[in-house]
Amino acid sequence: MNVVIDRPQARWLPSRHHFALARLLAFVQLRWSKGAGSPTPEHLILSIDRDQSAAEHYCAAMWTVLTTASYIAVLLPLRMPFAFFIAVPLAFFAIHIPVVGGGLILRLLAGDENHVTFVSVGAMGMLFLWSAYVARTALWARFVAWFFFAVVATNAVSWLLLRLLRAQVRTAEERCVL
Numbered sequence: 004m005n006v007v008i009d010r011p012q013a014r015w016l017p018s019r020h021h022f023a024l025a026r027l028l029a030f031v032q033l034r035w036s037k038g039a040g041s042p043t044p045e046h047l048i049l050s051i052d053r054d055q056s057a058a059e060h061y062c063a064a065m066w067t068v069l070t071t072a073s074y075i076a077v078l079l080p081l082r083m084p085f086a087f088f089i090a091v092p093l094a095f096f097a098i099h100i101p102v103v104g105g106g107l108i109l110r111l112l113a114g115d116e117n118h119v120t121f122v123s124v125g126a127m128g129m130l131f132l133w134s135a136y137v138a139r140t141a142l143w144a145r146f147v148a149w150f151f152f153a154v155v156a157t158n159a160v161s162w163l164l165l166r167l168l169r170a171q172v173r174t175a176e177e178r179c180v181l
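Everything in the sequence shown is counted per the working numbering, starting at 4 for the first residue and increasing by one.
Worth double-checking, as some hints may not be accurate.
Unchecked claim - Label-pair restraints from in silico Cβ distances:
(1) A141 - Q32: 38 to 48 Å
(2) F131 - P92: 20 to 30 Å
(3) P84 - E177: 47 to 57 Å
(4) H99 - F146: 22 to 32 Å
(5) P92 - T140: 15 to 25 Å
(6) M83 - R110: 32 to 42 Å
(7) F85 - M65: 12 to 22 Å
(8) T120 - L164: 15 to 25 Å
(9) L28 - E177: 16 to 26 Å
(10) P92 - M129: 29 to 39 Å
(11) R173 - V119: 24 to 34 Å
(12) M65 - W143: 35 to 45 Å
(13) L112 - M83: 33 to 43 Å
Rather than coming from a laboratory, the hints here were simulated on the basis of the structure.
The structure presented is a predicted model; accordingly, all values stated were derived computationally and were not measured.
Cβ coordinates follow ideal geometry from the N, Cα and C atoms, glycine included.
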């Protein structure tokens, strides 16, 4: 793991983010802010790892839970907002049971390898299929489904932009780290 010491701009390194949209926003912030206006601590040590952005991971987790809860809420025979309050705890189970079960099955079938990518793709694939189904209905949750597709499309466009800007991103990161 790489570490950057006493460089406040390193907070905005694209390589510290997992999703393309967050990497693109970090690149824009790194490129044009120059660290102005941010308080500089006496000593700062930041790891350069794509899973170090807590805000990004919390936002993605809350987005997944609230999307799933919306889909469950329309299935419940309760009125809103009571259906949503019941659906949120059910969403945690609806997400975690396939993830944990899928991870255990993969571990049994393939051994002790790291299966995080396969389980993540499977979970997102299930949410994608569920969103495709809900988007075709006349329920209020179709707006949630279309928002899901808008975020996925925005992330895909961000990935394409980052592929086109990869030389500039690499240069900006090297300038910050060195």
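Legend entry - Hint check for E177 and P84 - Cβ pair distance inside 47 to 57 Å: For E177 against P84, whose Cβ atoms are near 50 Å apart, the range 47 to 57 Å holds.
Legend entry - Range agreement (Cβ of M65 with Cβ of F85, hint 12 to 22 Å): 21 Å, holds
Legend entry - Outcome for the supplied range 29 to 39 Å, where the beta carbon pair is P92 and M129: 19 Å, violated
Legend entry - Pairwise beta carbon distance, M83 to R110, judged against the given window 32 to 42 Å: The hint (32 to 42 Å, Cβ to Cβ) holds, given that M83 and R110 are roughly 39 Å apart.
Legend entry - Assessment of proposed distance window 33 to 43 Å (beta carbons of L112, M83): Between L112 and M83, where Cβ atoms are some 41 Å apart, the hint holds.
Legend entry - Hint check for W143 and M65 - Cβ pair distance inside 35 to 45 Å: 19 Å, violated
Inset, instruction - For the range 15 to 25 Å, tell me whether the beta carbons of T120 and L164 fit it or not. - result: 23 Å, holds
Inset, instruction - With 22 to 32 Å as the target window, see if H99 and F146 comply at their CB atoms. - result: 25 Å, holds
Inset, instruction - Just tell me: holds or violated, for the beta carbon distance of F131 and P92 against 20 to 30 Å? - result: 23 Å, holds
Inset, instruction - Could you see if the CB distance from P92 to T140 stays within 15 to 25 Å? - result: 23 Å, holds
Inset, instruction - Return holds or violated for the Cβ distance of A141 and Q32 against the range 38 to 48 Å. - result: Distance hint for A141, Q32 holds at roughly 41 Å.
Inset, instruction - Take a look at whether the Cβ-Cβ distance between R173 and V119 falls inside 24 to 34 Å. - result: 26 Å, holds
The structure fails to meet hints 10, 12 from the earlier list, while all remaining hints are met.
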